[in-house]
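Protein chains: 2
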Amino acid sequence: MVTSSPYLTERSVDIKWWIKQIKKDFEKKYLPVIQEYLKEPSISATGEGIQETAEMTAKFLANLGAANIQIVPTKGWPVVYGEILKDPKKPTVLFYSMYDVQPVESEKWIVPPFSAAIVEDFEGMGRSIVARGVINTKGPTMAFFQTLQTVINSGKDLPVNFVFVIEGEEELGSLHFPDFVNSYSEKLKQADLVYFPSFSESLNGHIKIVLGCRGIIYFKIWIQGGDWGGPRSRNIHSSLASFVDSPTWKLIDLISKMRASSGKILIPGIYEKVQPISEEDKQMINDLVKKLDLEEFKKMIDVNKLYSDENQKEMSKEQMIVKLFEPCLTVDGIISGYTDEKGSKTVLLSSAFSNMDIKLVPNMEVEDIRNKIRNFIMENAPEAKLEIEEGYKWAKMSPLNPYIKIHIETLRSTNKKIEIWPMGTGSAPFYIFQEKFGIPVLDGGLGHGSRAHSPNEFAFLKSKTGAGGIIDFEISVAKLLTKLGEVGKIKNDRFIQ
Amino acid sequence: MVTSSPYLTERSVDIKWWIKQIKKDFEKKYLPVIQEYLKEPSISATGEGIQETAEMTAKFLANLGAANIQIVPTKGWPVVYGEILKDPKKPTVLFYSMYDVQPVESEKWIVPPFSAAIVEDFEGMGRSIVARGVINTKGPTMAFFQTLQTVINSGKDLPVNFVFVIEGEEELGSLHFPDFVNSYSEKLKQADLVYFPSFSESLNGHIKIVLGCRGIIYFKIWIQGGDWGGPRSRNIHSSLASFVDSPTWKLIDLISKMRASSGKILIPGIYEKVQPISEEDKQMINDLVKKLDLEEFKKMIDVNKLYSDENQKEMSKEQMIVKLFEPCLTVDGIISGYTDEKGSKTVLLSSAFSNMDIKLVPNMEVEDIRNKIRNFIMENAPEAKLEIEEGYKWAKMSPLNPYIKIHIETLRSTNKKIEIWPMGTGSAPFYIFQEKFGIPVLDGGLGHGSRAHSPNEFAFLKSKTGAGGIIDFEISVAKLLTKLGEVGKIKNDRFIQ
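In the order they appear, the protein sequences are chains A and B. Counting from 111, one number per residue, gives the positions in the first sequence under the working numbering. Counting from 111, one number per residue, gives the positions in the second sequence under the working numbering.
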């Protein structure tokens with residue numbers, strides 16, 4: 111017996127159709143397209159496949175019926191732009207994502223990283239796609255497009271308007287993205303909120319909603335022999351190290367001076383502007399501590415032990431979350447000299463190099479931190495050559511922001527446990543949307559994957575761990591869009607932290 | 111008018127013939143053979159060409175009419191053995207050298223390192239051979255053989271007896287050479303002295319006689335994530351570095367703790383057994399300081415400035431020589447993570463590795479230093495994996511040893527300025543001959559080359575700098591052998607320091 115319920119709105123009928131349709135189309139129609147997108151390498155560090163992937167991304171926007179599609183050149187890699195602006199009364203979502211991925215060199219993968227292979231039982235956890243970019247972020251991007259495709263296929267209008275912005279330099283620190291945003295601000299300012307696609311379930315099926323993201327500054331240090339001492343132009347015999355200074359020791363000593371073994375950064379003034387944790391955030395931390403499964407988290411990130419204090423006591427869940435409100439300095443790479451693990455070569459090296467980064471939290475300022483890094487290095491190793499990338503700021507949303515509340519409520523309706531993280535581990539240039547347009551960033555949906563920047567990056571198709579797969583992400587996006595369409599446009603800018 | 115001088119002994123007639131013969135044969139007959147020897151790679155670190163070069167070395171010994179030629183297997187690379195023992199009344203020289211060379215990977219050469227190319231005007235300094243091994247030590251070895259060949263060609267008996275020992279692991283720290291010496295001690299103990307061939311002239315034509323050589327211990331340190339913390343098996347996203355410890359930082363901090371920026375080693379107890387400089391050595395240092403041309407030395411080793419103190423004052427000549435009486439710790443290589451100089455990759459690395467060495471001086475003991483390194487690392491980074499090679503001791507000869515005196519006198523007769531270094535920069539396993547047989551090591555002859563372990567290792571054929579070439583080395587060897595033959599066997603063991 112079919113009855114017309116007062117609660118069964120037109121949209122809630124739609125959502126049922128869409129979910130049915132996604133389930134019907136996913137395996138044969140959608141999954142191969144996700145694989146196709148992942149098979150094209152798009153490594154911004156080297157440029158490999160970047161142009162091809164930008165064009166492929168534009169083509170997918172065209173399939174969605176987007177207007178005004180452009181591959182916008184920047185001083186670096188291009189940004190893919192498009193729009194679906196049909197009804198000014200509907201809220202407009204700025205869909206922000208990236209088509210670039212991290213390099214894979216010297217990583218050990220169980221399948222080629224750009225084969226987008228389906229592994230029937232990946233590490234005993236379930237059916238998965240293993241590929242560079244499958245979670246960060248070509249997988250979620252394509253899955254989001256497929257939800258839109260489903261709506262369109264059902265003959266309905268999309269519940270919201272869209273401007274699409276998919277950049278190609280996120281993994282390089284979004285170097286030229288602010289330039290793009292500035293030139294396209296007339297277009298972008300129409301947006302009421304930003305949506306960034308990601309698979310937000312933990313391995314155990316908790317949904318992780320992240321209200322803050324950290325900024326980042328990359329920098330590179332070279333030390334080369336020269337007027338100060340050290341071998342000028344070539345490696346020399348290490349027997350001379352008794353009276354010739356070493357660029358390698360200089361670099362090691364310099365880096366070592368930057369951080370205490372506790373993780374505290376020793377560059378003077380780095381903590382000066384760091385904001386104390388608010389009462390609202392403390393409350394969120396308390397709630398999160400109750401829900402967080404530390405053992406599951408450690409398993410997911412492949413560590414046996416989190417940071418320990420001098421008494422070898424492992425960091426508590428609370429300490430761990432609090433750390434996300436503090437800056438963090440990382441050596442991403444260091445190299446000098448003969449590094450073969452077999453044999454020996456006694457050389458005094460003429461140069462040494464390191465790749466580093468620092469994560470920024472509220473209220474650190476990029477220019478201030480750049481200056482402090484520069485001053486520290488000039489003071490401690492005036493012979494060093496330093497290159498600091500532009501970098502970008504942190505961003506932070508309030509849980510009271512109405513769009514954020516809708517996002518949380520929609521995900522809560524899946525009956526999964528929700529973990530609200532006041533600050534996330536990752537970095538993304540979300541600050542620019544906050545600063546420029548005063549709008550919040552909604553981040554995530556169902557589904558689980560992990561190992562961003564690592565070998566065997568994977569996303570579930572069907573897990574044994576309680577977490578959802580890509581299909582669940584597509585369904586959760588349909589629900590969110592439906593909900594956003596229902597509540598319509600809301601004035602919300604004062605709720606951003 | 112030809113007169114028979116009482117000073118013109120039979121041998122002094124011989125030496126004139128030989129010098130004439132060397133000059134006649136060098137360019138067309140000898141030089142191509144030196145090139146042939148250098149063209150065969152013999153990299154002990156990788157094993158490339160090792161067997162072929164051992165066989166080639168044995169073949170050259172056969173050409174000299176050596177008896178009992180053997181390619182003696184060891185647990186590592188083989189030792190080439192041979193003997194010319196014709197007259198028990200003549201002194202016996204233990205000719206010790208090596209046929210192995212250092213790796214060349216990632217070095218920039220102006221000619222392929224195993225092409226043994228003759229460069230007509232190498233860096234404006236004169237006609238040279240540029241090749242890996244041309245000074246260290248296949249060039250001097252082959253040049254020495256050619257002097258013997260000249261004597262043989264002249265129809266005369268060699269002025270001294272020989273046992274030849276040419277090892278294949280010197281560049282790895284002569285790991286299995288002591289085993290060989292032990293098994294062949296019945297043969298080797300017949301020797302009255304050791305000769306090690308090398309081009310001993312500085313760029314400016316001063317002859318450098320080195321009376322001591324330092325011992326060496328190589329070691330390797332790995333730090334890998336595990337039970338202590340850190341990423342267990344793969345690099346993970348650096349955003350996790352806020353609460354996951356880093357093998358890279360651990361390694362950098364550990365290495366940094368090993369040495370002060372002054373060069374002083376901070377591993378406890380390292381200096382405990384270091385012998386104070388003797389009055390005899392102080393006298394030699396004073397003499398050497400007067401002769402040493404620091405600017406020429408710095409040019410030769412490609413540095414603008416020697417170690418400087420905290421006031422940025424450059425090390426004096428005396429400080430420099432004194433440093434050779436102190437141990438020295440070197441980072442030969444370090445690697446971890448993403449080391450591309452372009453682009454960025456934010457990773458928290460699961461492992462970090464370093465190659466290091468320490469030079470030993472009188473009276474440091476290998477086992478004691480190994481223990482101190484091990485204890486320091488266990489104390490400061492119990493999670494590190496440490497591999498320490500066998501290593502070997504320092505050696506030191508007295509300028510009063512009669513064979514050493516003959517060596518000095520013979521070289522002084524060339525009218526070149528003589529620099530006597532009580533301690534040299536380099537390391538060689540000379541201690542074993544001292545300890546086992548109580549005999550001194552004579553090291554060197556005319557000729558200049560440099561850049562051992564570096565790109566564009568070269569030796570002069572004809573220089574513009576005042577230094578001799580390979581042909582001068584061959585002639586100086588002829589003179590030394592003549593002199594040794596004249597003085598005959600001398601009881602000399604009490605003069606070794």
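Keep in mind that the hints are not guaranteed to be accurate.
Below are the DMTMM-like pairs computed for lysine to aspartate or glutamate, each with C-alpha atoms no more than 25 angstroms apart in a straight line [claimed, not checked]:
1. B:K433 to A:D337
2. A:K374 to B:E436
3. B:K409 to A:E230
4. A:K452 to B:D363
5. B:K452 to A:E406
6. B:K452 to A:E477
7. B:K392 to B:E436
8. A:K495 to B:E436
9. A:K185 to A:D289
10. A:K452 to B:E150
Okay, the calculated beta carbon distance ranges per label pair [what the hints assert, rightly or not]:
11. A:E500 to B:I220: 31 to 41 angstroms
12. A:E500 to B:S372: 51 to 61 angstroms
13. B:E162 to A:E451: 47 to 57 angstroms
14. A:E500 to B:K149: 31 to 41 angstroms
15. A:E451 to B:P378: 23 to 33 angstroms
16. B:V384 to A:Q422: 52 to 62 angstroms
17. B:V221 to A:G157: 49 to 59 angstroms
18. A:K495 to B:S371: 17 to 27 angstroms
19. A:L496 to B:M488: 32 to 42 angstroms
20. A:Q422 to B:V221: 54 to 64 angstroms
21. A:K218 to B:S225: 51 to 61 angstroms
The hints are simulated quantities; they were obtained by calculation from the structure and are not laboratory data. These numbers were taken from a predicted model, which means no experiment stands behind them. For each residue, glycine too, the CB sits at the ideal point set by N, CA and C.
Hints and how they fare:
| no. | hint | in the structure |
| --- | --- | --- |
| 1 | B:K433 to A:D337 | 21 angstroms, holds |
| 2 | A:K374 to B:E436 | 36 angstroms, violated |
| 3 | B:K409 to A:E230 | 64 angstroms, violated |
| 4 | A:K452 to B:D363 | 23 angstroms, holds |
| 5 | B:K452 to A:E406 | 36 angstroms, violated |
| 6 | B:K452 to A:E477 | 22 angstroms, holds |
| 7 | B:K392 to B:E436 | 14 angstroms, holds |
| 8 | A:K495 to B:E436 | 31 angstroms, violated |
| 9 | A:K185 to A:D289 | 9 angstroms, holds |
| 10 | A:K452 to B:E150 | 21 angstroms, holds |
| 11 | A:E500 to B:I220: 31 to 41 angstroms | 39 angstroms, holds |
| 12 | A:E500 to B:S372: 51 to 61 angstroms | 38 angstroms, violated |
| 13 | B:E162 to A:E451: 47 to 57 angstroms | 25 angstroms, violated |
| 14 | A:E500 to B:K149: 31 to 41 angstroms | 51 angstroms, violated |
| 15 | A:E451 to B:P378: 23 to 33 angstroms | 27 angstroms, holds |
| 16 | B:V384 to A:Q422: 52 to 62 angstroms | 36 angstroms, violated |
| 17 | B:V221 to A:G157: 49 to 59 angstroms | 33 angstroms, violated |
| 18 | A:K495 to B:S371: 17 to 27 angstroms | 19 angstroms, holds |
| 19 | A:L496 to B:M488: 32 to 42 angstroms | 35 angstroms, holds |
| 20 | A:Q422 to B:V221: 54 to 64 angstroms | 55 angstroms, holds |
| 21 | A:K218 to B:S225: 51 to 61 angstroms | 36 angstroms, violated |
Hints 2, 3, 5, 8, 12, 13, 14, 16, 17, 21 from the list above are not met by this structure, while the remaining hints are.
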